[in-house]
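Novice: Sequence:
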Amino acid sequence: MSRRFAAAIAGITGQPVEAVDPLVRPSGDAQFGDYQCNAAMGLAKALKLKPRDLAEKIKAAVDVGDLAASLEIAGPGFINIRLSEAALARHLQQIPSTESGGTGVSPVTGGTGVSPITGGTGVSPVTDRFGLPPADRLDTVVIDYSSPNIAKQMHVGHLRSTIIGDALARVLTLEGHSVIRQNHVGDWGTQFGQVILGLWHICMARHRGEPDYVAHMLEQLGSGDETLRNRAFDDVKSRHDQDYAADRDGKQVFLPFLISIRNEKSISLEEIELSYRFVTKLQEVSKAQSDDPYLGLPQRVTTWLQLRDEQERLAWEYCRDATLQYCSSLYQRMGVLLREDDVCGESFYHDRLAPIVEELRRKLPPRTSSLGADAEAAGGTPALPGTAATGETPVPPKTTPPNSTPIPPCAAEVRDDAGAVCVFLYKPDGAPMFKTAEGDPLPLIIQKSDGAYLYATTDLAAIKYRVNELHATRILYVVGAPTKLHLDMVFATARAAGLAGPQVALGHVSFGQVLGDDRKLLRTRSGGAVKLGDLLDEAEKRARQQLEDKLAAEDETYRNTFDESQKQDIARKIGIGAVKYFDLARDRNADYVFNWDQMLALQGNTAPYMMYAYARIRSIYRKAAEQFGSPDVYAATVAIRLDHAAERTLGLRLARLGEVIDVVAAELTPHVLCNYLYELASDFMRFYEACPVIGAESDAQRLSRMRLCDLAARALRLGLGLLGIEVAERM
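Take 1213 as the starting number for the sequence shown in the numbering used here and just add one per residue.
No lab work stands behind these hints: they were computed from the structure. Honestly, I wouldn't trust all of these hints.
Said to hold, decoys possible - In silico lysine-lysine, DSS-like type, Cα no more than 30 Å apart, as pairs:
#	residue 1	residue 2
1	1676	1639
2	1477	1743
3	1660	1575
4	1449	1477
5	1753	1732
6	1696	1639
7	1835	1762
Claimed, not checked - Here are the simulated distance ranges between beta carbons:
#	residue 1	residue 2	range
8	1275	1879	28 to 34 Å
9	1440	1740	20 to 26 Å
10	1857	1482	55 to 61 Å
11	1423	1874	54 to 60 Å
12	1741	1631	49 to 55 Å
13	1771	1286	51 to 57 Å
14	1835	1740	21 to 27 Å
15	1778	1618	48 to 54 Å
No experiment lies behind these values; they were computed from the predicted model shown. We put the beta carbon where it would ideally sit given N, CA and C, even for glycine.
Work out the full structure, taking the sequences as your base and the hints as a guide.
Specialist: Structural data, given as structure tokens:
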């Protein structure tokens, strides 16, 4: 339809067809038709025509007789399009059956297999594409998401990045893009001195025969009683000095301990995190007492790690491995695609940081007076720093993937400021691109005065790696909204330095926060972060109780058809699916309030409602199999009929699945897919109530309606699978 309107408009305007956007969109109100062409409104002025007159010309020129039952001009120049039932039925019949299109939803069992698009163990095993073609433009897309910190359990703050990034990876893969997932874990930096020091305290406490010492002292160090807190700090310092004297080089006690726990996996992530908090609390008290010797210990341990001392390296590896194993178990439980091969954290880029700073110094030298202040004094425009050396002016790409972050033409210079290495970014007129609240130029610091590197340095090294070695043409960062300024500066620096040329799109997929009932960050009753594992446990527990309550209302014969393993599996799918769907159904840019009752509701735009609609279709197949044998709903010879209004409404919704997925891929908005699935499930329920399937008036009508049921099941399963949500065959 869009192509035919584009051809008609091109013939009228003289534009190339590929340059025309006919603005054919689904109608917002069914009474005006199924689609609407709005192109006349924007083109009329340039053609010196009234929009309605141009709409008449377009209507006369477009050839859609085999698709549209009617074209009507409305208002100032809108063209309302109503599809013919024959064209809509023909489109639905062209969707490959599961026999010809790959293994899909079996009419009785639901199908088996692992999908290269939506799959992985425990994830919706859908392999049919619903006849959807690949996108016109294909990219190599790197998606940076999840990114937990080592030595810490994942918490609710990691939920959005993980599931939004994962859904986008699935959708873009379905669209035909080459998707590279990157889990940029926080596994390097000064904080690792704290982690290793904490592990050393656990080791020495066990060596002294005090296995609970760290937990006990952490409690006292966090006390509101200053006297108790200071006494605990003095005790730890004294023990620290004694332990250090007993094992100065770490070879006698610490190294054997590390080898032992590596082999036995005897220290859990919870213990590692506790020891990290212990050292953090020690530093807080130390800072309050101006106890500089202890304050500097983590930095010295980090230095030893960077020098690759054996015990520090072993401690780092153990903490990293323990964390990644824990994260992997959570990913698998949540049906997230991230695997060990996708991990590419801060430690990977450590050896690339010094070279990236030197490269930026070379490519973005400080601007000179002849290029800057003198030129301004002479009344000219200063040359853009960072571009004068090459004579190139930054230009935007000819074609930019949708939803990439706009990077205006800019340039940069690298210079030292108070001992730190800084990147200053400028607009074409030489004005600072970023400013402080006071109006001063705001630099991007890439190396501190003490020689330490920052997140910006790592991010720039990562961009270079992803462009040069992963050959990315598009890089998406699924991180929270507060990082916007940081990423804007990093993207602008990468563009000015040529780390990512204009052919590479850089995008920030931002998202809001998860809030509690008080509209503050969701926290536990004690004020701590809600651990993601605990949240999933609670989701499954509540889903299981909901399932038991529903089964209690059924007769005993039906209840007995569910064994314990089946009930556990259904509760897992509902619970985890509900958490993910509730998040993904919200506009990612907005905050939302976490609510268990809304999340698990069996009515409304929720995962349980979608899963119930799917299970209802499965029950139709089982009943049909009992009454008629295996229903032949896959055969291409089954003629689809859209005689009833509910049949037509469902058919039109099914026909729009590809359009919706295109929008999600273009705008990176999973909630658009959720809205579609809710509308599809609602349309199916209305169809089910209005149009008997098993009890249809004729075999032809029954087969047609079962084919519509088949397409609805496949669309629901594919859509939920793209969100990383499993379906249940029975509920």
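Novice: Against this structure, judge whether each hint is valid.
Specialist: Checked hints:
1. The hinted pair formed by residue 1676 and residue 1639 meets the criterion: a straight-line CA distance of about 23 Å does not exceed 30 Å.
2. Taken as a hint, the residue 1477 and residue 1743 pair is honoured in the structure, with Cα atoms around 22 Å apart against an allowance of 30 Å.
3. As the CA atoms of residue 1660 and residue 1575 are separated by approximately 20 Å, the hinted pair is consistent with the 30 Å bound.
4. Restraint check: the Cα-Cα separation between residue 1449 and residue 1477 comes to about 29 Å, which is no more than 30 Å; the hinted pair holds.
5. A threshold of 30 Å between alpha carbons decides the hint, and for residue 1753 with residue 1732 the separation of about 25 Å falls inside it, so the pair holds.
6. Distance check on the hinted pair: residue 1696 and residue 1639 sit about 18 Å apart at the alpha-carbon level, within 30 Å; holds.
7. Distance hint between residue 1835 and residue 1762 is fulfilled; the C-alpha atoms sit about 21 Å from each other, no more than 30 Å.
8. Distance hint for residue 1275 and residue 1879: a CB-CB separation of about 31 Å, consistent with the stated range 28 to 34 Å.
9. Roughly 21 Å separates the CB atoms of residue 1440 and residue 1740, a value that falls within the hinted 20 to 26 Å.
10. A hinted range of 55 to 61 Å for the beta carbons of residue 1857 and residue 1482 is consistent with their spacing of about 58 Å.
11. Restraint check, residue 1423 to residue 1874: a C-beta distance of roughly 58 Å satisfies the suggested window 54 to 60 Å.
12. The given range of 49 to 55 Å is broken by residue 1741 and residue 1631, whose C-beta atoms sit roughly 35 Å from each other.
13. A C-beta distance of roughly 55 Å is found between residue 1771 and residue 1286, which places it inside the suggested range of 51 to 57 Å.
14. Under the hint 21 to 27 Å, the C-beta atoms of residue 1835 and residue 1740, about 50 Å apart, miss the expected range.
15. The hinted range of 48 to 54 Å is satisfied by residue 1778 and residue 1618, whose Cβ atoms lie roughly 51 Å apart.
Hint compliance for this structure: hints 12 and 14 are broken, all remaining hints hold.
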